[in-house]
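Enquirer: Listed below, chain by chain, are the residues.
2 protein chains.
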Amino acid sequence: MPETFESQHSHNQLQAINDGLGAGMFVQVRQMLQNMPACDVALLLESSRSKSRAQIWQLLESDAYSDVLEELSEDVRNGIIRQMVPEKLADALEEMDTDDLVETLSSLPEAVSQDLLNSMDEQDRNRADLGLSYGEDTAGFIMNTDTITLRPEVSVEVILRYLRLRGDIPDDTDTFYVVNRHDKLIGGVALTKLLTAAPDTPIENLIKISEAIPVTMDDGEVASLFERYDWLSAPVVDEHNHLLGRITIDDVVDIIREDAEHSMMSMAGLDDEEDTFAPVFKSTQRRSVWLGVNLFTALMAAAVSDMFEETLSQLAVLAILNTIVPSMGGAAGNQTLTLVIRGMALGHVSPGNSRWLIGKELAIGFFNGIIWALLIASVIAIWKQDLMLGAVIAFAMMINMVAAGLAGATLPIAMKKLNIDPALAGSVILTTITDVVGIFAFLGTATWLLI
Amino acid sequence: MPETFESQHSHNQLQAINDGLGAGMFVQVRQMLQNMPACDVALLLESSRSKSRAQIWQLLESDAYSDVLEELSEDVRNGIIRQMVPEKLADALEEMDTDDLVETLSSLPEAVSQDLLNSMDEQDRNRADLGLSYGEDTAGFIMNTDTITLRPEVSVEVILRYLRLRGDIPDDTDTFYVVNRHDKLIGGVALTKLLTAAPDTPIENLIKISEAIPVTMDDGEVASLFERYDWLSAPVVDEHNHLLGRITIDDVVDIIREDAEHSMMSMAGLDDEEDTFAPVFKSTQRRSVWLGVNLFTALMAAAVSDMFEETLSQLAVLAILNTIVPSMGGAAGNQTLTLVIRGMALGHVSPGNSRWLIGKELAIGFFNGIIWALLIASVIAIWKQDLMLGAVIAFAMMINMVAAGLAGATLPIAMKKLNIDPALAGSVILTTITDVVGIFAFLGTATWLLI
Chain A
0 MPETFESQHS
10 HNQLQAINDG
20 LGAGMFVQVR
30 QMLQNMPACD
40 VALLLESSRS
50 KSRAQIWQLL
60 ESDAYSDVLE
70 ELSEDVRNGI
80 IRQMVPEKLA
90 DALEEMDTDD
100 LVETLSSLPE
110 AVSQDLLNSM
120 DEQDRNRADL
130 GLSYGEDTAG
140 FIMNTDTITL
150 RPEVSVEVIL
160 RYLRLRGDIP
170 DDTDTFYVVN
180 RHDKLIGGVA
190 LTKLLTAAPD
200 TPIENLIKIS
210 EAIPVTMDDG
220 EVASLFERYD
230 WLSAPVVDEH
240 NHLLGRITID
250 DVVDIIREDA
260 EHSMMSMAGL
270 DDEEDTFAPV
280 FKSTQRRSVW
290 LGVNLFTALM
300 AAAVSDMFEE
310 TLSQLAVLAI
320 LNTIVPSMGG
330 AAGNQTLTLV
340 IRGMALGHVS
350 PGNSRWLIGK
360 ELAIGFFNGI
370 IWALLIASVI
380 AIWKQDLMLG
390 AVIAFAMMIN
400 MVAAGLAGAT
410 LPIAMKKLNI
420 DPALAGSVIL
430 TTITDVVGIF
440 AFLGTATWLL
450 I
Chain B
0 MPETFESQHS
10 HNQLQAINDG
20 LGAGMFVQVR
30 QMLQNMPACD
40 VALLLESSRS
50 KSRAQIWQLL
60 ESDAYSDVLE
70 ELSEDVRNGI
80 IRQMVPEKLA
90 DALEEMDTDD
100 LVETLSSLPE
110 AVSQDLLNSM
120 DEQDRNRADL
130 GLSYGEDTAG
140 FIMNTDTITL
150 RPEVSVEVIL
160 RYLRLRGDIP
170 DDTDTFYVVN
180 RHDKLIGGVA
190 LTKLLTAAPD
200 TPIENLIKIS
210 EAIPVTMDDG
220 EVASLFERYD
230 WLSAPVVDEH
240 NHLLGRITID
250 DVVDIIREDA
260 EHSMMSMAGL
270 DDEEDTFAPV
280 FKSTQRRSVW
290 LGVNLFTALM
300 AAAVSDMFEE
310 TLSQLAVLAI
320 LNTIVPSMGG
330 AAGNQTLTLV
340 IRGMALGHVS
350 PGNSRWLIGK
360 ELAIGFFNGI
370 IWALLIASVI
380 AIWKQDLMLG
390 AVIAFAMMIN
400 MVAAGLAGAT
410 LPIAMKKLNI
420 DPALAGSVIL
430 TTITDVVGIF
440 AFLGTATWLL
450 I
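Residue numbers (numbering that gives the first Met the number 0), protein chains in the order written: chain A, 0 to 450; chain B, 0 to 450.
So that you can see chain A by itself, here it is in the shape it has in the complex (with noise of 0.2 Å):
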């Protein structure tokens, strides 16, 4: 009877696994992890800092190397990869899928992998090098080169004696390719329709002509065709139409998980492939560029305010209010970035309809600005006893919610324009932009009007 899946089950393993190694159970453990498929110690090696992923490491059976490094995150793997020793490492990748040996090439340095190469035999060595050829984030760089091909003449009865000869399908099968004689793809035929067409049928009746992807289209591109159109496999073929290989979906969910995350990381300025567990100092260094950045914004709305210096010493109230009308304008600013750049991942944004978008921004920008003047009016009013400093709060936080929703939109559309990174250089240029527009705003009218 199969069993069914309990919710807190990784967790009580990951739990024993480490009650284990921490009294010294040494081969209890070794056993576990016999038992776990490489997908769940990959988990628990994630789940661990690091002196028990090495620990975990080391009492691992070297036959599983391959399996669990192909799933692991990169920056988990390059640190285990970095402790192994050579051999045993090309060992490993020797036995890895072609996607999985090159990106694990490609993410090692220069020289490691230029040696581990040299150390393979040549078969491998060629599938890795067409692979890293292609470059990174492309359709190649993914692609898995264990195809099946059809001829389409051949009959539904013949393919069926050659599968049962053959008796092994690659992983994640759900299509087979037919092909012309120079390697041209014709089609895709589905493994259903073997199953149900009649013995006899030639198997070019049973062709679905599908569209192929080609090797060099980005990679997130190729996710949102396959999100879009529900594929479980796609072709990939050359610019003369020549068959090289085939995307599957575990491969895209991958990437759809990533790029989906990639947006939110960076937008607080972390890299992609952070480690939760990574040591203390790797992180601090990790992070100290972009608080480096935000620190040098935060000094750009202090050089603003200082240019007020005199306002602010006759009236320290302008001191106190200072803030709200910059953190109105980042918020406000930031819904509206975060909303364009989850619709140009989406790809629901293009220049047909940006202008409209930015447009539609800068009008909720204008009615959140009349909403939350006229409220921050009165709060003022209220608090402070003084109508016209009201009037003066009101009238910044206008200003800068209209700037906040025209920068929120404009910038991830120009930024894209400029192949910049929108989710990571995008809220930084929008604090900096609401930060000065709500300062000068504020501390200028008050000036002009108060003093």
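Keep in mind that the hints were calculated from the coordinates and are not lab data. For glycine and all other residues, C-beta sits at the position ideal for the given N, C-alpha and C. Be a bit skeptical, because a hint or two may be false.
As the list claims (entries may be wrong) - Restraint ranges, calculated between C-beta atoms of paired labels, are given here:
1) B/P169 x A/F295: 55 to 63 Å
2) A/F295 x B/L448: 20 to 28 Å
3) A/Q122 x B/E238: 47 to 55 Å
4) A/T215 x B/E210: 33 to 41 Å
5) B/K183 x A/N34: 20 to 28 Å
6) B/A197 x A/D114: 42 to 50 Å
7) B/K87 x A/I208: 27 to 35 Å
Following the hints, put chain B in place on chain A, whose structure we already have.
Expert: The following block gives chain B in isolation, referenced to the frame of chain A:
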């Protein structure tokens, strides 16, 4: 010959249709729509503003309705459904797969979905009621019931004859499920096994015991199992192991994207389903709750500054520098918060390692504190020619960075225990903490040492 995909393909299509609508060439647009796959029509609708959406929908053939509705995001779909004639809507719903039918009904107002259910024939009403009974975000809600089941004692040859007679296999089938006479799940047989096995092999020899998904499992958990084990489909069972249906990867891909997007959208205070092209007033209203919360926290920060009005009025330079420490705390805390939220989503954070994780982030906060305290002290000492002022801001920076690390790691872990969504509430509470602690530390120390 199959076509390869052009990057600009869908944007061009969108442009052509928009141009056609603008020029009133409805006959041509209708023809273009007829030749488009449902998923492309859905993308077109999602990329258009409401006015064009209504026009495009009117030009669409009614037999395409159900396929297009299945592909649309919730917000856009509900907008269109609200304008459809009830009879046409009921027709479209009856043609949907169970999972899409259930999802559509559940997103409609109770009264509307009840009317629709009543107008359906009994069979469709029953399958909808069953799915709805499991509740949103469960395995039962996203499963399909179109499963082909086999008996263990039958031979491959008999199955192949049966399949040829049947002639049709449901979409995305990679595995047939084997059940005993009480409909209890025994395991699965991959389609590839049927193709490679000798005709006289009994099915029971080909069975792979696969884990089954309990019908009440949370859909996010289902998605991470699919991702971890690279499944294409999985059987769903009740508590007595009766086979109820199956879940396929195409639905899981949507959940993976939605879950990953959810954190990003929530952290900016947006609804996941927020439609990029929603009308201005609807968007303004939706975003106002978050801005209201943000205004409240900004006023709280102002109230803290207000406690130091006397100090601020004596030293205007404090007003100028007052935003730097809160800003750095916010940025550092947000990095920690984002990393922990992602770690929880990936299943890396568990009760067994969360204490270590909090300790790690606290340590990073401490080292970040030292680095940025030293740097800001030097900047201020040079800019304002005041060593003591540099020391004050450095001390406040130190305190706030530690507070940011602690709050950023503790908040999401505590919120998850309390079943509060950390992505939505986490960033507001974090900002409030880093603002209040930052201002208090800076102005408090300044009052004590400089006045």
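Enquirer: It remains to establish, for every hint, whether it holds in the given structure.
Expert: Here is what the structure says about each hint:
1. One distance hint, 55 to 63 Å for the beta-carbon pair B/P169 and A/F295, holds here, with the actual separation near 57 Å.
2. Range check, A/F295 to B/L448: about 27 Å between beta-carbon atoms, so the 20 to 28 Å window is met.
3. Look at A/Q122 against B/E238: about 50 Å separates their beta carbons, and that is inside 47 to 55 Å.
4. For A/T215 and B/E210, the Cβ-Cβ distance of about 39 Å falls inside the hinted range of 33 to 41 Å, so the restraint holds.
5. Under the hint 20 to 28 Å, the C-beta atoms of B/K183 and A/N34, about 25 Å apart, fit the expected range.
6. The given range of 42 to 50 Å is respected by B/A197 and A/D114, whose C-beta atoms sit roughly 46 Å from each other.
7. Checked against the hint of 27 to 35 Å, the pair B/K87 and A/I208 passes, with Cβ atoms roughly 32 Å apart.
The structure agrees with every numbered hint stated previously.
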